[in-house]
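Participant: These protein sequence lines are chains U and C, in that order.
Residue numbers for the first sequence follow the numbering used here, so the first one is 1 and each next one is one higher.
Residue numbers for the second sequence follow the numbering used here, so the first one is 1 and each next one is one higher.
Check each hint, because a few of them may be wrong.
[Claimed, not checked] Covered stretches of chain U (in silico footprint by chain C; criterion: 3 or more residues with CB under 8 Å from a CB of chain C, positions within the stretch not fixed): (1) 158–168; (2) 216–224; (3) 308–315; (4) 371–381.
[What the hints assert, rightly or not] Label-pair restraints from in silico Cβ distances: (5) U:Asn236 - C:Ala200: 55 to 63 Å; (6) C:Ala145 - U:Pro206: 26 to 34 Å; (7) U:Gly68 - C:Ala145: 36 to 44 Å.
Just so you know, these hints were derived from the structure itself, not from any lab.
All of these numbers come straight from a predicted model, not from anything done at the bench.
A virtual CB, placed ideally from N, CA and C, is assigned to each residue, including glycine.
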Amino acid sequence: MARPSILSDELLRQLVPVGQVDIMVGLPTHNHAATIGPIVTALHAGLAKHFPRERTVLVNPDAGSDDGTREILMNAPLAPDELRGIPALRTTHRVSAGNAPQHGHTGGVRAVFAAADLLQAKVVVLVDPDVIDLHEDWVEQVARPVLTRQADLLLPCHPRRRFDGALLSQLVRPLLGAAFARQLPSHVSGEFGCSGQFAAQRVTDPLWEQEPSRASMDIWLLSTALALDLRITEANVGPRKFAERRDSPGLSALFGEIVGTTFGCLDRFAANWLSRTPEVRLLPGGPAWPLMDDQNPVDPVPMAERFRSGVRDLAPLLHELLTPGTHAALRETASAAEPTPRLSDSLWATIVYEFAAAVHRHLMNREHAIQALVPIYLGRAASHFAEIASSDEAEHQGRLNSLESEFARLRPVLLNRWNA
Amino acid sequence: MADTTAAVLRSAWNEFLDSILLNLPHFLAMASLVLAGWLIAWLLAFILRAVLRLVRFDLLSDRAGLASMLARAGMASASEVTASMAFWLVWAAFVISGLGALGLEGTGALTSAFVMFVPRLGVAVGLLLIGVVAANFVWRATLLAAVNANLPSARLLSSTARWLILVLSAAMALEQVGVAKTIVLTAFAIAFGAVMLGVAVAIGIGGAPVARRLLERQFPDKPHDETKQSPDVSHL
């Protein structure tokens, strides 16, 4: 049942005439005039080409754009193929309405979910309004597996630089994967396809009241799907280009959001993962780690220096958060002579587990505990960057798989510390 | 002569015995108050200690940074200190009431002074506790922010913040209990002013380039994205 208060009157008025739909494409915007036109055209082209018989709607909750985003969106031409005479069998619906600006992107996502609930959509697809090279097959790649019930949640992945996404590959994925005993998709990018039922059930979740950031919302949706033991998969959608995001937070803030949400999800869904057997269920087809050509290698030494100074300066806090053995091993690693100290998979997994348990047990103020992990993460990222500097795609994937295996092997450490 | 001496002695002894007989109930009343007070205070401290252990007060004080400060001062755990304070406070109230029962001149004023002092002592202890908790919170927050912003001398910065708050709360507590009020306030004002002046002079004369670098880093011309260790790295 949709909650009218989540949908603005303007949006509700436009949605009601649309009626039931099979596929709803959500496109929350805020001053995206530069990118929105080609996205809308590509989406309608994809829907007309791949889903001519399905009832579709494009829903745009706009958080108060003042650059003409909504006008551009509503006036964007339909796909060239349609104009050349390939008739759509269904009416092309396009809905755009103002949404509460203070709720930002995630408020828009919630409105899309509420709209999906109202129109009883079978599939909800969320598009990133910052993408600048959306191709018309993208919507098919994301929506089809959900429509054919092969997946409840589909996360698209695309080639990235080998040094990108370390926070996900080194911390979020292995931690959530080991806890829930599931192999996870490689990317969490702000775009996804999910069943209408999954979207509708999320509308009243209390997390919305905390006004999560875009990245936190993705982690939360993934964790919810893991907790509900839904079918999760990923699709390689090919290269993507994004306009530079205007609201990129610094590392500390980003780390606080992402790791805070991840630890929060572990807490919230503890009953779901604590009882799971340690055998990891693999992702259908395995996770893909498509890589772009790297022209600019990253120098890990500055990160390693911050790791060293952080471990030294934060010693009194780390003493409270880590077990004595882990803290001693960490100090030994930080005091190694080489320019980039090697923070091993097993030590890193143990540290992450002990931090997650410390946050769960309220050993310290939550934000403080999470911020104390930042320098250690930088050490791990530096160590990882040094290892993969000259690796090919297979070696890179091997390293990530090896880290996940180590997290899975050490899962008893998490259980032990969690229940201590 | 002998008769006179005997009469004086008899009279003195009679007066002494009369006075003993007159004051004995007062002494007994005082003794019973002191003894009963000790028992009540001991019982109260015992119950308080048990309740504090039940609510894991030591763990809370440990997280608030109180336990480490007490340990540094060579004192027992926070629950033990709280229970001891309750014991001494309650027993002192009974002892003063016992002195009042003697009917001695001035004990009434002593009792009323004690009654007036107890709330002030409570406020002073509360101020100290809040000061310790706030000082440790600020210390941690400053340390983490400084380390994660890669500022130099993160520990010095955070320790300075902690000690300033501790000294401020100690001065407020002492002012509350009225201990050397003028001296404490004057000493605090002089010490605080000296520290601030020292910092200003140090930055103005010796640390101008450092201050400039820090300010430039804090308020860059172009927004600085610290997620990017090199031009193209994204942690997410």
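Participant: Indicate, hint by hint, whether the structure satisfies it.
Facilitator: Against the structure, the hints come out as follows:
1. Under a criterion of three residues with beta carbons nearer than 8 Å to beta carbons of chain C, the stated coverage of the region 158–168 of chain U is upheld, 7 such residues being counted.
2. With 0 residues carrying a beta carbon less than 8 Å from a beta carbon of chain C, the region 216–224 of chain U misses the three-residue requirement, and the given coverage is violated.
3. Note: the region 308–315 of chain U has 4 residues with beta-carbon separation from chain C under 8 Å; the three-residue rule is met and the coverage holds.
4. Here's how the region 371–381 of chain U fares: 5 of its residues keep a CB closer than 8 Å to some CB of chain C, so the rule of at least three is met and the hint holds.
5. Checked against the hint of 55 to 63 Å, the pair Asn236 of chain U and Ala200 of chain C passes, with Cβ atoms roughly 59 Å apart.
6. The hinted range of 26 to 34 Å is satisfied by Ala145 of chain C and Pro206 of chain U, whose Cβ atoms lie roughly 29 Å apart.
7. For Gly68 of chain U and Ala145 of chain C, the hinted distance range of 36 to 44 Å is satisfied, since their beta carbons lie about 40 Å from each other.
Violation of the numbered hints given earlier is confined to hint 2; every other hint is satisfied by the structure.
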